[in-house]
Amino acid sequence: MSVVRHDIPLARRRSGREHLVGRALIYLAATLLALFILVPIYLIAVSAFTPPDRAFDFPRSVVPAELNFETIVFFLNAFGVVDSFWRSVIVAMITLVLALLIGAPAGYAIARYAFRGRSGFRLVILSTRAFPIVILAIPLAVTYRLWGINDSVIGVALMHTALALPFTVLITSSVFVSVPRELEEAAQTLGCNPLQAFLRVSLPLALPGLAAAAIFTWVLSWNDVFAAVILTLQNPTLPARILTALTQSPIYFQFAAGFVMLVPSLVVIFFIRKYLLGLWGRVVK
Amino acid sequence: MAEIRVERVTKLFKNVRAVDDVSLTIADGEFMVLLGPSGCGKTTLLRSIAGLEQIDGGRIVIGDRNVSDLPPRKRNIAMVFQSYAVFPHMTVFENIAFGLRMRKAPKAEIHTQVQEAAELLHIENLLDRYPSQTSGGQRQRIAVARALAMQPQVLLMDEPLSNLDALLRLEARAELKRLLNEIGSTTIYVTHDQVEAMSMGDRVAVMRGGRLVQVGDPLTIYDGPVDRFVGGFIGNPPMNFLAATIRAGDAGAVAELSDAGEIRLDAADGLGGHRGPVLLGIRAENIELHSRTGGGMLRGRVLVVEPLGSHNLVTLQVGGEQLKAITRPDERLELDQEVGVGIDPARIRWLDAEREVALTDDAEAGPGAGLGPPTPEERDAAPPG
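Those protein sequence lines, which keep their order, are chains A and B.
Sequential numbering from 1 applies to the first sequence in the working numbering.
Sequential numbering from 286 applies to the second sequence in the working numbering.
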């Protein structure tokens, strides 16, 4: 008996220590991961706010010697950068709205209705991503010229929507699958028509997932260079402008450009973060 | 409150008849249990009544309205789902108020009705919580309160207790029965648990393979199953069935069991003049065991004795078949002991040996009981065991 009584606390202490070690390892991994992402962002930011003449200092100071807006201001005042910036924002917004407007209902249909060829449909959606878009470049440019939407915001947005849609459809369908159908049915027995049941029950529960899909779409559009370079000439989006104009520029302007590219993505993710955490933290049962 | 009439309802899934020509009338204020093994169509029938499934034939009348083509929201029903389907993004209060808000009830009325429903289910202290902050048993109560707050004509429940653990289920069963008695609403309750069906229902409708097999009050079904399936499905242990042959005797008929002896029957034998091979159905509690053999008793041998506290469950070898009997806990029986098996002829349920359906008809038992006397085809269609 006494042996057993001694053993229990010992075992518990050991498992407690193991638990602590486990937690420490998790935090270590999380810290490393965070540093992996944050350090480059920080270095870009520091470089962007360093005066041009000190951009090549070595060793590099971790804290900026002085907060200097010279580089950033010069970059922003460079020909067309502000225009391109707003163009990029607008393109990303149009893409987000279009992709969700078309993709979310498609995702809902795949999740809820058993129609003929549903699994085939999923496969076709996915396979569009396997198609090398480079092959499309010339026909696309020609078609856009024919339709008169080349070199325009809406043209780029349409292309980005086409690129984003497969993911939007698949992400939203998996989001709607996770909302039990019985919840909608319960709402219908409680006085809702199918649309009301969707708006009052499924949509709020799907919101975190839809937000994730929205971020994804936004960032995809914001980061896209390829379609933007092919489809625009006089009115490029920011990545296209940076790619074409700044490859010849000194490195500190490239840092400034990188910083301006980074900030909007960070801001978007910051505001939508709540829904992302909700997506992982809340159990929809 | 309203009467529900299910008239020749059929529901197909692709080519499978999930509900096959079912007719059933549930009286105003009655508690009807739909009972059957999984896949028998009971939930599909319930969902058809709720309007969540479109029926492919027949009609459903609630009160004096034909609701067959109406969506759920226009049927004046409320439903409790097996998974409870409590809305996770709303507080308990908002959950219970949901239906009333959809009806655009005045604020004060919503408040009093929610409060009332919550008090009925003893969850008035949970109103500000989210469902994730409540236990499974509490969620079940929230679902019931949400349904009751609607004050529906008809309450539909789809296995509402099956997700609770055994102890809680026992408690919730009694509580739900008291509650529904108090409210007196017309209720259809789906379950696969025959104990729940027996203990709660005013009447029980046993389903199998999409068809109604027997409708009646619990005791009638328990004592007089229409076929071997019902006798085996209802009751624990299930009804015993032994092959026997009926022949004419000196006074009344005699049932012969090969290798086990014979039972003398009196004039009111319930056989209706039937002679030849039959199935003898007898409940475990209607079998008496004696240490002496002979004297109109069957011969049996004790195979297993399972003490269960309130009684012992004894498995016997009788002829070529096994039989379950219930004895008092203090009765001493040895393994392999030869015993006399006394069967009370008045408690025997006789079944046709081939079709395994009852030889005698009870007034209420039988398919289509809700719609008057069953037609011969309906009787024949009762599937064999």
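Quick caveat, the hints were computed from the structure, so don't treat them as lab data.
Quantities reported herein were computed from a predicted structural model and do not represent experimental measurements.
Idealized CB from N, CA, C, for every residue including glycine.
Please note that the accuracy of each hint is not assured.
As the list claims (entries may be wrong) - Simulated coverage check for chain A against chain B, where a stretch passes if three residues somewhere in it have a Cβ under 8 Å from a Cβ of chain B: (1) 201 to 209; (2) 213 to 220.
Unchecked claim - Ranges between beta-carbon positions, derived for each pair: (3) A:Val-21 to B:Gln-339: 55 to 65 Å; (4) A:Met-93 to B:Asp-413: 36 to 46 Å; (5) B:Gln-400 to A:Val-82: 37 to 47 Å; (6) A:Ile-37 to B:Val-480: 52 to 62 Å; (7) A:Ala-137 to B:Asp-413: 56 to 66 Å; (8) B:Ile-468 to A:Ile-37: 53 to 63 Å.
Q: Using the beta carbons of Met-93 of chain A and Asp-413 of chain B, state whether their distance is inside 36 to 46 Å or not.
A: For Asp-413 of chain B against Met-93 of chain A, whose Cβ atoms are near 38 Å apart, the range 36 to 46 Å holds.
(Q) When I compare C-beta atoms, does the segment 201 to 209 of chain A have three or more residues closer than 8 Å to chain B? (A) holds (count 3)
Q) Given a hinted range of 52 to 62 Å, is it respected by the beta-carbon distance of Ile-37 of chain A and Val-480 of chain B? A) holds (58 Å)
**Q.** Range hint 56 to 66 Å (beta carbons of Ala-137 of chain A and Asp-413 of chain B) holds or violated
**A.** holds (59 Å)
**Q.** Range hint 55 to 65 Å (beta carbons of Val-21 of chain A and Gln-339 of chain B) holds or violated
**A.** holds (59 Å)
Q. Within 53 to 63 Å or not, the Cβ separation of Ile-468 of chain B and Ile-37 of chain A?
A. holds (59 Å)
Q) Quick check: the segment 213 to 220 of chain A, covered by chain B? Criterion 3+ residues, Cβ under 8 Å. A) As far as the segment 213 to 220 of chain A goes, the hint is violated, because 0 residues have Cβ atoms under 8 Å from chain B.
Q) Regarding Gln-400 of chain B and Val-82 of chain A, is the given constraint of 37 to 47 Å on their beta-carbon distance met? A) violated (59 Å)
Checked against the numbered hints above, the structure violates hints 2, 5; every other hint is satisfied.
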